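Work out the full structure, taking the sequences as your base and the hints as a guide.
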Amino acid sequence: MAYTVPKLKDWSAKALDKAGAKLLAALEQESTAVKNKADWKTFRDRWIGRKNGVLTQINDLWLKAAPKDAKRDVGQRVNEIKQQVTAGVEATAFPEGQVNPRIAGEGRSVLSRPASRGVGTVTAALDISLPGNRRALGAEHPIIKTMNEIVSVFRNLGYSVEEGPEIETDYYNFEALNFPPNHPARDTQDTLFIANQESKPLRDRLLLRTHTSPVQIRSMEKMKPPVRVVCPGKVHRNDAPDATHSPIFHQVEGLAVDTNITFCDLKGTLDHAMKALFGSSVKTRFYPSYFPFTEPSADVQISCIFCGGTGYRDGGRCPNCKASGWIELLGCGMVDPNVYRFVDYDARKVSGFAFGMGVERIAILKYGVDDIQLFFNGDARFLEQFG
Amino acid sequence: MKLSPQWLRDFVDLNADLRQLADDLTLAGIAVESISGEGSEAVFEMDITTNRPDAMNHYGVARECSAIYDLPLTPIEPKLPPAAQAASSGGQAGTTARVVSYQGAHPPVTFPIEITEPELCPRFTARVLRNVTIKASPDKVKQRLALLDQRPISNAVDATNYVLWEMGKPTHVFDLDLLEGGRIIVRRAKDGETLKTLDGVERKLSSEDLVVADGKKPVGLAGVMGGFDTMITDKTRNILIESAWWDPVTIRKASRRHGLHTDASHRFERGADFESTVVSCDRVAELILQSGGGELVGGAVDVIARRLDQAPVALHVSEVHRILGEKLDAREIFRILDRLGFDVLPERGGEADFTIRIPSWRLDVEREIDIIEEIARLHGYDKFANTLPAYAGAVVELPDAEKDCKLRSSLLALGYDEAVSLTFISHHDAERFSRVPAIELANPLSEEASVMRTSMVPGMLGMMAYNLNRGSDNVRLFETGNVFEASGATANQLKRVCLGATGSAVLPGVHQPSRPLSFFDLKGDVEALLHPFRCKLLAYDSQTPKYYHPGRSARAVMDGEIVVQFGQIHPDVAAARKLRQDVFIAEFYLDLLYQHALREVRYEALPRYPAVERDFSFIFDDSVKFEQIREAMTALHIHEMRSFVPVEIFRGGNVPAGKYSFLLRARFQSGERTLREEEVGQWCPRIIKALEALGGTQRM
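Chains A and B, in that order, are what the protein sequence lines are.
Counting from 16, one number per residue, gives the positions in the first sequence under this note's numbering.
Counting from 246, one number per residue, gives the positions in the second sequence under this note's numbering.
Hints in this document: simulated from the structure, not taken from any laboratory.
Note that this is a predicted model, so its numbers are computed, not measured.
By construction, the Cβ of each residue, glycine as well, lies at the ideal position given by its N, Cα and C atoms.
Hints may contain errors.
Take a look, some chain B residues computed to stay more than 12 angstroms from chain A by CB distance [what the hints assert, rightly or not]:
#1 Gln826
#2 Val869
#3 Glu872
Covered by chain A, according to a simulated footprint, are these stretches of chain B (three or more residues, beta-carbon under 8 angstroms) [as the list claims (entries may be wrong)]:
#4 285-297
#5 567-581
#6 641-651
#7 774-787
Partner residues aside, some chain A positions facing chain B, computed with beta carbon under 10 angstroms [as the list claims (entries may be wrong)]:
#8 Ala40
#9 Arg149
#10 Gly153
#11 Tyr174
#12 Pro256
#13 Ala258
#14 Thr259
#15 Ile276
#16 Phe390
#17 Leu398
This is the structure in structure tokens:
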């Protein structure tokens, strides 16, 4: 028996709810009978057709006929019904010759929108335990994410971000950082060189930067003290790839130069940064090291974040710190006065510190990654773990 | 480097246990990487920094221990028997060289030494031993060397090795009877000369090489490796011991030129102790005589061609405070430096507080800052307070930071995973995926990684293939990075973003069927990513490079500049890379895109009057592109027409071949009033006429 829009006498909320529910139930029922495009067109015209469609009828019979004081309320309900009917009719549409997927998939309900205030409870309850239609979000790369985190710790301390080229000259990568030609410390850098540079003077020869430290020089050339910069970026070394080596990796370099910077400030700054990155209970330990561009130079260890610095966990030696309780994390030092000569700073008036950390090393620690190659092969199964 | 804590006890009376000792040394800058073995068999794996060749041996580390723990250091004082025979001739050097005989208890000079390159060889000390029996070393020597993974060879050779590990001074022993001409000459090699080194390799020498030669031929590559033909054998009876000081840069160059890195060259190129040539020579003699018998002939021949100048350093306590930030008092400074073997002389009336004389084994210490580091490291870095410096300055962002951030967050929201690939590609890929000159590496890791990437596409295709080969067939990746091109003698670095996508646009699920990714999914992403950038005109053309599918790729042209290239990868390229499903790529040229500012949003009043829609169903020839229709509609200048969008395209059925049916929808709206039927009725014929002008036929 086809549904016809009844005339209303009772304009109470209860009566309206009842009439609305009846109407939507009829829509639901008729929608199941739609088998092809021709059916659907008829169905559409009957419900939302401009000429005497159901919606036009309820406009006339329910809304226009309503007493003045009930109009506002009736209008709202009629609008809600209109929206649901329109959506229901559209949801029934499907390309010729195919089963309507929405009908097939959702317990044949075309009215997926839950009715408000009890209007139009027209469908059987959904199995809400079924998974939702999830749209995949992209995942941040763990290295870039970690690098951004490090940068933001220093930005909050007043450091500006600087970048430099990945292909550098010998001058910026070595000479101005106090690695004189033929200095044995150059050996520690496993440099990848650009071909066909022999005709140039040594300082102009191109190579792949082996550290982000050249950005220190470029920054100091650009600005006068006070300087506070943090320089994230990609670096290259002639290291054959394996679980712990990669020819590319990332570093974050930092530099602070002013009239008042001391070794105590270097310690305090890095202690703060390590606490910000690894948690406030982390302790730092500084011990002497050697970099040509800093003097005094230091390596920094943090207390092992896996065993809490005890060296033991789960009843055995902590494998992460080899039971030492400490993990080596970064290199730093007071800027060597020789470096200031290259950028025309007066070493008697200013002092400063520089530090550099390997992003992969920190990310490996943070996420427990056991093979550095995973960072660079684009394996979606790996990347999506960081989403 | 390996180190035996037991051996240290020859020189310093250590109380600390192994773990404590390792920690204390590390905290003083003599890094102990790991400990293996126990008791007297214990071995430290050391990581001695390049600047500290003085600590690359047991005596040097013992000296550090003595400073750390304030313990006395037992010096190395070889005890030699009286020499059997008097001197025969004097040492000889180039014009600037002097001959100094050793001021010991022994008769002077027995063997002529001539130095022709005093700059490169400032000092050469030698001793002669006769009637020595070559045999195995005593157990103590063998065991100690074995602990350091050194293979014992014979008493004479082991003696030099032992002294190297004991006091860090490389020495060499020759079979005296194989030296021709009765003399040693330190000279440059002659072009064309050859030398078979101890490793059995015949080496071509040039005038850049410094050699130790006898009267006729080179017998050693100076400071690097001795010669094969004059080495100690079982038959050796008479020995010449060499202990010299070589110019570090000369040794480093020779070691690199011949690809020969030895324990000797490692120390000489970092700077050995100038004052240890005689004592090391004596120590080798002592060890050989102890095990192999024989007698000493004459004293040490000690030729000093030039003295090393280690200038004293002025130290200001105020400078110590300025750099370190802690007010260490002068007594503490004195105590530390004195324990390390520095002579600390108070300056009276001068501008500095102390004059510091540098010990001969510390060639790394030359400046006041180097002294400050010595003070800091022995004081203990951890004793310094942690402070934060005051700062009055502003944080400046990188010029493109906001654009980078916008693009990256949009890509993540669109479902692309962020990836990082290698920066190197093959020559072949550089040619295939770009037309710019590639920058070649001089020492590439492999043929496949021999040039700097000129395009991000090979790396992205590599990652897509990697995923497809591992059963991940729904993948979207993006990578932000630099490509490089040669530009004259310099390198250009250009920033790019590359997208890769393959698989489904809609993932299969119980509620909806899957749908494969299409060109238009990618184009939609490109549109969304370009949307934030301000431009006058954004158009698309199909002039893409050959590695794209000719019918399913496009370029986005923003105000005349190509900012994106995108589409499906050409089937041939996909086949060559064994991509087993369609892969889509987009390349964003950020250098060009970022010339456009980000849109500044200005609020637009929301419509208060209803919109009216009209559909137009037309049949067009396949050659008519939507772009032409869009332009034609724009040219109508109907202000109230808010949009004109394609709704449905249909081919086949009763639509003739070569044509398609196109349903288009116009939407009209006014900001000032409700539109009247007549107004809309006036616009529709104009639209129909414009569509007909493009060759369209209206469907009834």
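Worksheet entry | Unmet hints by their number, sorted upward, for this structure | 7, 8, 13, 14
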